[in-house]
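Trainee: Protein chains in written order, with my numbering: chain A, 30 to 546; chain B, 30 to 546.
Read the hints as simulated data drawn from the structure, not as lab findings. Hints may contain errors.
[Stated by the list, open to error] Per the computed footprint, the stretches of chain B lying under chain A, defined by three or more beta-carbons under 8 Å from a beta-carbon of chain A, are:
id : segment
1  : 93–102
2  : 144–152
3  : 175–185
4  : 270–283
5  : 363–371
[What the hints assert, rightly or not] Subject to a maximum C-alpha distance of 25 Å in a straight line, what follows is the list of computed BS3-like cross-link-like pairs (lysine-lysine):
id : chain 1 : residue 1 : chain 2 : residue 2
6  : A       : Lys494    : A       : Lys430
7  : B       : Lys350    : A       : Lys350
8  : A       : Lys138    : B       : Lys496
9  : A       : Lys430    : A       : Lys360
10 : A       : Lys138    : B       : Lys91
11 : B       : Lys496    : B       : Lys430
12 : A       : Lys383    : B       : Lys91
13 : A       : Lys91     : B       : Lys383
Only a predicted model underlies this, so the values are computations on that prediction, with no experimental measurement involved. Glycine included, C-beta positions come from ideal geometry on N, C-alpha and C.
There are 2 protein chains.
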Amino acid sequence: MNSPKKTAISPTREQNYPEWYQQIIKAADLAEVSPVRGCMVIKPWGFGIWENIQHVLDEAFKATGHKNLYFPLMIPMSFMQKEAEHVEGFAKECAVVTHHRLAHDDQGKLVPAGPLEEPYIIRPTSETIIGEAFSRWIQSYRDLPLLINQWANIVRWEMRTRIFLRTTEFLWQEGHTAHATAEEAMKESRMILDLYSHFVEDYLAMPVIQGEKTASERFPGAVNTFCIEAMMQDKKALQAGTSHFLGQHFSRGFNIRYLSAQGKEEFVWTTSWGVSTRLIGGLIMTHSDDDGLVLPPKIAPAHVVILPIIHQEDDRADILKYCDQLAAELKQIDYHGRRVVVEIDTRDIAGGEKAWHWVKKGIPVRLEIGKKECAAQSVFMGRRDKAYKDKKTISKEELIKTLTIELDEMQTQLFSRAKSFMEKNTKVIDSKERFYEFFKGEGKGDGAGGFALAHWNGSAEVEAKLKQDLSVTIRCIPFVESVSDVGSVFSAESKQPGKCIFTDEPSKQRVVFAKAY
Amino acid sequence: MNSPKKTAISPTREQNYPEWYQQIIKAADLAEVSPVRGCMVIKPWGFGIWENIQHVLDEAFKATGHKNLYFPLMIPMSFMQKEAEHVEGFAKECAVVTHHRLAHDDQGKLVPAGPLEEPYIIRPTSETIIGEAFSRWIQSYRDLPLLINQWANIVRWEMRTRIFLRTTEFLWQEGHTAHATAEEAMKESRMILDLYSHFVEDYLAMPVIQGEKTASERFPGAVNTFCIEAMMQDKKALQAGTSHFLGQHFSRGFNIRYLSAQGKEEFVWTTSWGVSTRLIGGLIMTHSDDDGLVLPPKIAPAHVVILPIIHQEDDRADILKYCDQLAAELKQIDYHGRRVVVEIDTRDIAGGEKAWHWVKKGIPVRLEIGKKECAAQSVFMGRRDKAYKDKKTISKEELIKTLTIELDEMQTQLFSRAKSFMEKNTKVIDSKERFYEFFKGEGKGDGAGGFALAHWNGSAEVEAKLKQDLSVTIRCIPFVESVSDVGSVFSAESKQPGKCIFTDEPSKQRVVFAKAY
Chain A
30 MNSPKKTAIS PTREQNYPEW YQQIIKAADL AEVSPVRGCM VIKPWGFGIW ENIQHVLDEA
90 FKATGHKNLY FPLMIPMSFM QKEAEHVEGF AKECAVVTHH RLAHDDQGKL VPAGPLEEPY
150 IIRPTSETII GEAFSRWIQS YRDLPLLINQ WANIVRWEMR TRIFLRTTEF LWQEGHTAHA
210 TAEEAMKESR MILDLYSHFV EDYLAMPVIQ GEKTASERFP GAVNTFCIEA MMQDKKALQA
270 GTSHFLGQHF SRGFNIRYLS AQGKEEFVWT TSWGVSTRLI GGLIMTHSDD DGLVLPPKIA
330 PAHVVILPII HQEDDRADIL KYCDQLAAEL KQIDYHGRRV VVEIDTRDIA GGEKAWHWVK
390 KGIPVRLEIG KKECAAQSVF MGRRDKAYKD KKTISKEELI KTLTIELDEM QTQLFSRAKS
450 FMEKNTKVID SKERFYEFFK GEGKGDGAGG FALAHWNGSA EVEAKLKQDL SVTIRCIPFV
510 ESVSDVGSVF SAESKQPGKC IFTDEPSKQR VVFAKAY
Chain B
30 MNSPKKTAIS PTREQNYPEW YQQIIKAADL AEVSPVRGCM VIKPWGFGIW ENIQHVLDEA
90 FKATGHKNLY FPLMIPMSFM QKEAEHVEGF AKECAVVTHH RLAHDDQGKL VPAGPLEEPY
150 IIRPTSETII GEAFSRWIQS YRDLPLLINQ WANIVRWEMR TRIFLRTTEF LWQEGHTAHA
210 TAEEAMKESR MILDLYSHFV EDYLAMPVIQ GEKTASERFP GAVNTFCIEA MMQDKKALQA
270 GTSHFLGQHF SRGFNIRYLS AQGKEEFVWT TSWGVSTRLI GGLIMTHSDD DGLVLPPKIA
330 PAHVVILPII HQEDDRADIL KYCDQLAAEL KQIDYHGRRV VVEIDTRDIA GGEKAWHWVK
390 KGIPVRLEIG KKECAAQSVF MGRRDKAYKD KKTISKEELI KTLTIELDEM QTQLFSRAKS
450 FMEKNTKVID SKERFYEFFK GEGKGDGAGG FALAHWNGSA EVEAKLKQDL SVTIRCIPFV
510 ESVSDVGSVF SAESKQPGKC IFTDEPSKQR VVFAKAY
């Protein structure tokens, strides 16, 4: 008889993917839904991931000449109107500040008071308020390029929210740059997309496809929106980062002009780009399994947990001393620019319960230390990407020598797994019938769902119909050349022109269709 | 004839201190007033100071067991009502979110739409929303102490704002902790005050007096508010950081209870504490002079600027090459846990203009490099705490060997200057007449204004009268023992009981009176 395998997380991915996702977050104590509609509390283990994301990206932005600064949270309502597409894109999801104090009404109830002459919106993104500043800061070609970034909180009043993936408030970075020419601005926006791709693949171990959004999926006010798209374990796409070439839309709206070296007054060319706490949702859905979170070592808040297993009170002092020494030594090891982070769990609970607590939190390496290990100066080691029972005893010396190799192996292993999964579930599709079947899930299993590479005539009507019929969108028009091309997915053939499978009209290249978060 | 010395900043401190402050900020390009009422844009040079403050404090918080996390920006209005003093303290300065979208009215004008059932306030501080979470997170004594911190933006609708010192939106960190006993919570709040004192004195080179606020100056909802107070160059006080012992006020308001080891249900004891971007204002007003900003090296966004001085086009390549090599070597040097940060200013402007640009920005060390220095492998060095013309030629080798010593000397020098200034302007005052004279500025010069150490009977009426008559408040009841006691200020005598100079009633010890920001 095949009884189902017992898992630490219930339901499993297979049984109920959305609910599995919520349970992973709860079991790992990453975040929780707050009493504020659609907002989350990011708890220390989740925030530790965000701190690491910030740290790595911040260095990369600075190394490419960007400086951090900070703009106000509140934007005058009138600023939003200066770029027509922009305001239409965000009007439906703006939190509006209309009063500046609270007072008691006749019944003693608190009510808003002190109405503002002009309401403010909470920033849903900062192009407008930054555009106003750029118009004052930029006078001459000598002021260009202007390359800035801010780490900030953002509010977008979303109707349907999901923790990390789509929340009313989220944390992000937003880069904003101004350039003398269209070419330079375009180069910047593509450079940042490459920077994002490298980061997401190298640190989060999430393979991505780079490409451009179609007109209907563009950022409100952008000329081009470039993006990276990852595949989750339910085969849906997740947009992991975007970089926008804004042309002269905002420089015309906000009158951002410079005097060229030739003495001519010109509008600047701008870009903007961002990644957010949504990346944590992507990380969870890419790597985690039915036993809990799985964290790529290069981004994990801690790399190693030491689990003292004390059966007899007499052994306590020796075991804890050995654990402390071990921790001190491990903390001296460098791992990709930071020191190894070690936790010791000294709680008085059963060894198995303790170990499973950390499995669910996704910590890369677990070291169980009992009387035996203490006496032999060894550790009993488990790695989160292997089966729970696949553990080994090695000497402390050996561990210190090989820890970073183990961590790197796990990092590589997570990326390859995810890459294989993405490749396996990306299909070249050449007929409308097969396309509908693919997304309707007829012929379930490997054949159904994922990324479809198909020819398309470029029309928004086709996109609208597919969205309505199948909830499928074009994730991107993939770049023919890309730093993060997922190898076998794009055969030479798929980059050739062809015929739209929905209309028989000409198509320049295949595009990526998928259901998406 | 004595013509007034020409200064880079106009007006001087002497001529118009508040305007001098604004001009320092402008000349150093630290920040600017934004089109959003009372809010500022923190520009890269100012934000670089904040990043360094964050970096040092964040490490110190983590080293003392605190974990970072993130709570929502918006707080349900009803939460504010659960602690009576708290809501009264903040009701007059709350930005209120009442709508969640924008719509066009009949004239096509944008107007707030989608009214919220329950308005939200933008956090003026987060005790309430964190209290609600603590009530869910804390069940047993095993969950205590709970030690958390968040870096966040805060909105308080202030009527009169001043850049960095009092702005509608500001950046800060807020620590929140919960403990099993009053003793532990008290110990935490005092430990953090010590941590703040060490940081402000060691990094910002600002001497502080530690003490406790009187009841009328307490944080709304606190049992005790502890503070550090610094003296600005106009002899006014600046509250540089606060740490609150909240007793059981918030645990009762939010029902935060735990089961003790003895199986008894108890309310926890909480603390909260914060420092903000206001510290940057304090930094500016403590050290800057009539030529611009002066930055303590340990907190400066950059330590050294290299200024290539090119008189002949033929020398350009050699000079720039030498500058680049020099920069590369300096960047290898460690200075208090980070690498030396070097800027090179290659703009084609006059050498003097270039040098003064960096004097005004307060960079600790300037290196002028012309043909002569290039040939001799030397540098012409100026240090910001010395006179502009007090420069010296030293070999590159010597510079590399002594740079950190120079920086440390400057750091120490700034602290001693500020400490002497504070001591000189802190007076023991023993009569009401002398007190009024001191603060009214009769007998101007050294004798007038500053900190007055005087006896007080403990009554709020006396405080109210002094506030009305002189705009003077009690900055703190200074600790008799303090990690950052400003030596000669507190003689043994000043800590003894005495008689209130306003009422003749008994006084436990002298307290610190001053005008304040």
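Trainee: Against the structure shown, which of the earlier numbered hints fail to hold, in ascending order?
Mentor: 4, 5, 6, 7, 8, 10, 11
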